[in-house]
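**Student:** Letter by letter, the chains look like this.
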Amino acid sequence: MPDLLTGVLAAAGTSETSNLVTNLAILVLAGFVGYAVISKVPNTLHTPLMSGTNAIHGIVVLGGLLLLAEGEDLGTGTTVILFIALLFGVINVIGGFVVTDRMLEMFKTKPTPKGDAEGDA
Amino acid sequence: MQLTTPLASVLTDVDFKACLYILSFGLFIYGLSGLTGPKTAVRGNRIAAVGMVIAVVTTLLVEDFNNPVLIIVGMVLGTAIGVPAAQRVKMTAMPQMVALFNGVGGGAVALISWAEFRQTGGFDGVATYIAIFSVFSAIVGSVSFWGSNIAFGKLQGLISGGSISLGPLQLPVQALVAAGTLACGVAIVADPQSEIVIVGLLVLSAVFGLLLVLPIGGADMPVVISLLNAFTGLAAAAAGVSLDNQALIVAGMIVGASGTILTQQMAVAMNRTITSVIVGGFGGDSVAPAGGGDGEQGTVRSTSAADVAIQMAYANQVVVVPGYGMAVSQAQHAVREMAKLLESKGVTVKYAIHPVAGRMPGHMNVLLAEADVPYDQLKEMDDINGEFNRTDVSLVIGANDVTNPDARTKPDSPIYGMPILNVDESQSVIVLKRSMNSGYAGIENPLFFNPKTSMLFGDAKGSIESVTEELKVL
Numbered sequence: 001m002p003d004l005l006t007g008v009l010a011a012a013g014t015s016e017t018s019n020l021v022t023n024l025a026i027l028v029l030a031g032f033v034g035y036a037v038i039s040k041v042p043n044t045l046h047t048p049l050m051s052g053t054n055a056i057h058g059i060v061v062l063g064g065l066l067l068l069a070e071g072e073d074l075g076t077g078t079t080v081i082l083f084i085a086l087l088f089g090v091i092n093v094i095g096g097f098v099v100t101d102r103m104l105e106m107f108k109t110k111p112t113p114k115g116d117a118e119g120d121a
Numbered sequence: 001m002q003l004t005t006p007l008a009s010v011l012t013d014v015d016f017k018a019c020l021y022i023l024s025f026g027l028f029i030y031g032l033s034g035l036t037g038p039k040t041a042v043r044g045n046r047i048a049a050v051g052m053v054i055a056v057v058t059t060l061l062v063e064d065f066n067n068p069v070l071i072i073v074g075m076v077l078g079t080a081i082g083v084p085a086a087q088r089v090k091m092t093a094m095p096q097m098v099a100l101f102n103g104v105g106g107g108a109v110a111l112i113s114w115a116e117f118r119q120t121g122g123f124d125g126v127a128t129y130i131a132i133f134s135v136f137s138a139i140v141g142s143v144s145f146w147g148s149n150i151a152f153g154k155l156q157g158l159i160s161g162g163s164i165s166l167g168p169l170q171l172p173v174q175a176l177v178a179a180g181t182l183a184c185g186v187a188i189v190a191d192p193q194s195e196i197v198i199v200g201l202l203v204l205s206a207v208f209g210l211l212l213v214l215p216i217g218g219a220d221m222p223v224v225i226s227l228l229n230a231f232t233g234l235a236a237a238a239a240g241v242s243l244d245n246q247a248l249i250v251a252g253m254i255v256g257a258s259g260t261i262l263t264q265q266m267a268v269a270m271n272r273t274i275t276s277v278i279v280g281g282f283g284g285d286s287v288a289p290a291g292g293g294d295g296e297q298g299t300v301r302s303t304s305a306a307d308v309a310i311q312m313a314y315a316n317q318v319v320v321v322p323g324y325g326m327a328v329s330q331a332q333h334a335v336r337e338m339a340k341l342l343e344s345k346g347v348t349v350k351y352a353i354h355p356v357a358g359r360m361p362g363h364m365n366v367l368l369a370e371a372d373v374p375y376d377q378l379k380e381m382d383d384i385n386g387e388f389n390r391t392d393v394s395l396v397i398g399a400n401d402v403t404n405p406d407a408r409t410k411p412d413s414p415i416y417g418m419p420i421l422n423v424d425e426s427q428s429v430i431v432l433k434r435s436m437n438s439g440y441a442g443i444e445n446p447l448f449f450n451p452k453t454s455m456l457f458g459d460a461k462g463s464i465e466s467v468t469e470e471l472k473v474l
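Residue numbers (the numbering used here), protein chains in the order written: chain A, 1 to 121; chain B, 1 to 474.
Some hints could be false.
Stated by the list, open to error - Below are the DSSO-like pairs computed for lysine-lysine, each with C-alpha atoms no more than 27 Å apart in a straight line: (1) A:K108 - B:K39; (2) A:K40 - B:K379; (3) B:K39 - B:K17; (4) A:K108 - B:K90; (5) B:K452 - B:K379; (6) B:K350 - A:K108; (7) A:K108 - B:K379; (8) A:K40 - B:K39; (9) A:K108 - B:K340; (10) B:K350 - A:K40.
To be verified - Quick list of the computed label-pair ranges, beta carbon to beta carbon: (11) A:L29 - B:D372: 16 to 24 Å; (12) A:P42 - B:V199: 43 to 51 Å; (13) B:D191 - A:A25: 28 to 36 Å; (14) A:V28 - B:K345: 52 to 60 Å; (15) B:R434 - A:V21: 55 to 63 Å; (16) A:A36 - B:D383: 19 to 27 Å; (17) A:A25 - B:L182: 23 to 31 Å.
Because the hints were derived from the structure by calculation, they are not lab data. A quick note: this is a predicted structure, and the numbers were derived from the prediction, not measured. All C-beta atoms in this analysis are idealised placements derived from N, C-alpha and C, irrespective of residue type, glycine included.
If we strip away everything but chain A, and leave its shape as in the complex, we get:
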C-alpha cells in the first residue's frame, strides 16, 4: 500500500496517465475536505456560504486566463470565446466575494442582544 501511494505521488508530471491519477487523487481528497469543512456551517450562514463558494468556483477564470496568456495565434473565434469566458469568470469571482463580504459584515455586528437601544431610524 505505501508503495502504491508513493508511486502515485511521485509520478506527478512524468506522464499523462500518472497526471490523471494524481489529479483524480486530489479531486477525491478535495471532495472529502469540502464535505468535512462545510458540514460544520450552521443554517444561519448558509446564504453567505453559498455565495462564498459561488465566488470560489469563479476560479474557472484561471482556465480563461491560462488559455489566453499561453495561446499564440488563437484565431478570432477562440479569442472571442475566451474573452467572454474571462469576463464571466471575473464577474463571478469579484461579484461573489464582494456580495459575500457585504452579507457577512451584517452578521458580524452585535453578537449580544440589546447592544443598541436607540439610534437607527
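With chain A held as given, fit chain B onto it using these hints.
**Tutor:** Just chain B, lined up with the frame of chain A:
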C-alpha cells in the same frame, strides 16, 4: 524558453507555480472553515479572496505572455460590472444575484471547454481522459448557465414563478435531450474533428438546463440554486483535470461537495428527495387536492393592527416566523423596529427560521441580519419547536407552507412529513398575509382556520408599521 533573468526562470518554474497553487487552495479551505461562525466568517471570506488573487497571479506567470491587452480589458470590465452589481443589490434580491453569479461561472466553464476544443482541433492528439473531462465540464457548465438564468428570471419575476412544463411530454423530451447530449459527448471523444458536434452539445445541454429548471416552482428554489451551485463547482473541477490545474480541481471540488451537502439538507428539510424536486412536484402552480377551487374550510378570523399590538404588548414571549412574504415586502427593518418596541415593554422576542423559508438557504437570516436583529435571537427549527407551547403569540409574516399543520397530520397532503414550525402549539397565532390566496405550493393551510389564529390582511411592511404605531400609543 527565453529566460531573461534568473528571477523570471524561478517565477515561471512549474514546481514554483504548483506551490503557489497549493498555497491558494490552502487559503480557500482555511477561509471556508472560517464560515462556521459569524465572528470568523468575514475574515474567512477575505482569506479565500486572497487565495483567489494568488491563484490568478500565478496563472499569469508565463514566459511568453500573450493577449495582455485583452486580459487586462477583460479583468477591468468584469470588475466594473461585478462590483457595482454586488454592492447595489438589495438583500431581498440576494437569491437571484447568487443565481446570476453562479450562471456566469457555469457559462465560463462551458466556453473554456469550447475554446479548448477549438485550440486542440477537437482534442486531436490529446489524451482521451482530457477530452472526457472537458466534455463533462462543457455539458454541466452549460446546464448550470441556462438553469441559473431561468432561476434568476423566476426569482426576479421576469418569467412566471410557477411550473412551466410540457406536461406528460416533459420526461420523454428531457430524456431525449439528455440522450442527444450524451451522444454528442461520445462523438467528440471518439471523432476529434467536427466543431458542429460541440456546438450541438452546448445547445442540447442548454435546452436540458431550461427543461430542468422551468418546471420547478418558487418554493423549491433553495434546492435548485444550491444544486446549480454544486453543478458549477463540479464543472470547474472537471475543467481543472482537463487543464491540469490543481487549484481549479480543489476549489471546484470543494464547491461541488458543499453544494451537494446544502442541496441534501434543503431536500431533507422539505422531506423530499432531490430527484422529486427536479422531476417537479408541488413547487408549481398545480392546484391543491384539498378544498377544491377556492372553497374555504371554516371561518377565518380577521383582526386589526390595534388588536395585534395589544395582544403582543401583554405577552411574555413573541415568536416571529418570517417567510418569503417578509422578503417581498422588505419588512425586515419594520419588524426589527417593532421587536425593539416590544422588548422595551419586557416582551421576549425570538425568530423561528425554517431551513427552507424564503428562496435560498438561510435567506431569512440574511434579511434579519441586515436589519440588525441580534444573531442569538435567530432560532433554528429544532431549537424553537419545543418553545411554541410556552409562547403567547406567534407572528407569522408571509410564511405559509412551513407552518402548515397538514404536514404533521394529513397523510394525503403533498407536504405530509415535511418538518414544520409548530406555531399552532402557541397560545395564539397572528398571520400576516396579503390575501387568502394559497401559498407558493398552492396548498390550503388549515392553520388559517384554526380558532387560535387571527389574520391581519395587507402588505407585511405596512401591517407591521401600523402595529408599531399602535404599540407606541399603548
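**Student:** Now, for every hint given, state plainly whether the structure supports it.
**Tutor:** Each hint tested on the structure:
{"no.": "1", "hint": "A:K108 - B:K39", "in the structure": "holds, 6 Å"}
{"no.": "2", "hint": "A:K40 - B:K379", "in the structure": "holds, 17 Å"}
{"no.": "3", "hint": "B:K39 - B:K17", "in the structure": "violated, 33 Å"}
{"no.": "4", "hint": "A:K108 - B:K90", "in the structure": "holds, 18 Å"}
{"no.": "5", "hint": "B:K452 - B:K379", "in the structure": "holds, 23 Å"}
{"no.": "6", "hint": "B:K350 - A:K108", "in the structure": "holds, 19 Å"}
{"no.": "7", "hint": "A:K108 - B:K379", "in the structure": "holds, 17 Å"}
{"no.": "8", "hint": "A:K40 - B:K39", "in the structure": "holds, 14 Å"}
{"no.": "9", "hint": "A:K108 - B:K340", "in the structure": "holds, 19 Å"}
{"no.": "10", "hint": "B:K350 - A:K40", "in the structure": "holds, 23 Å"}
{"no.": "11", "hint": "A:L29 - B:D372: 16 to 24 Å", "in the structure": "violated, 41 Å"}
{"no.": "12", "hint": "A:P42 - B:V199: 43 to 51 Å", "in the structure": "holds, 44 Å"}
{"no.": "13", "hint": "B:D191 - A:A25: 28 to 36 Å", "in the structure": "holds, 31 Å"}
{"no.": "14", "hint": "A:V28 - B:K345: 52 to 60 Å", "in the structure": "holds, 57 Å"}
{"no.": "15", "hint": "B:R434 - A:V21: 55 to 63 Å", "in the structure": "holds, 59 Å"}
{"no.": "16", "hint": "A:A36 - B:D383: 19 to 27 Å", "in the structure": "holds, 24 Å"}
{"no.": "17", "hint": "A:A25 - B:L182: 23 to 31 Å", "in the structure": "holds, 27 Å"}
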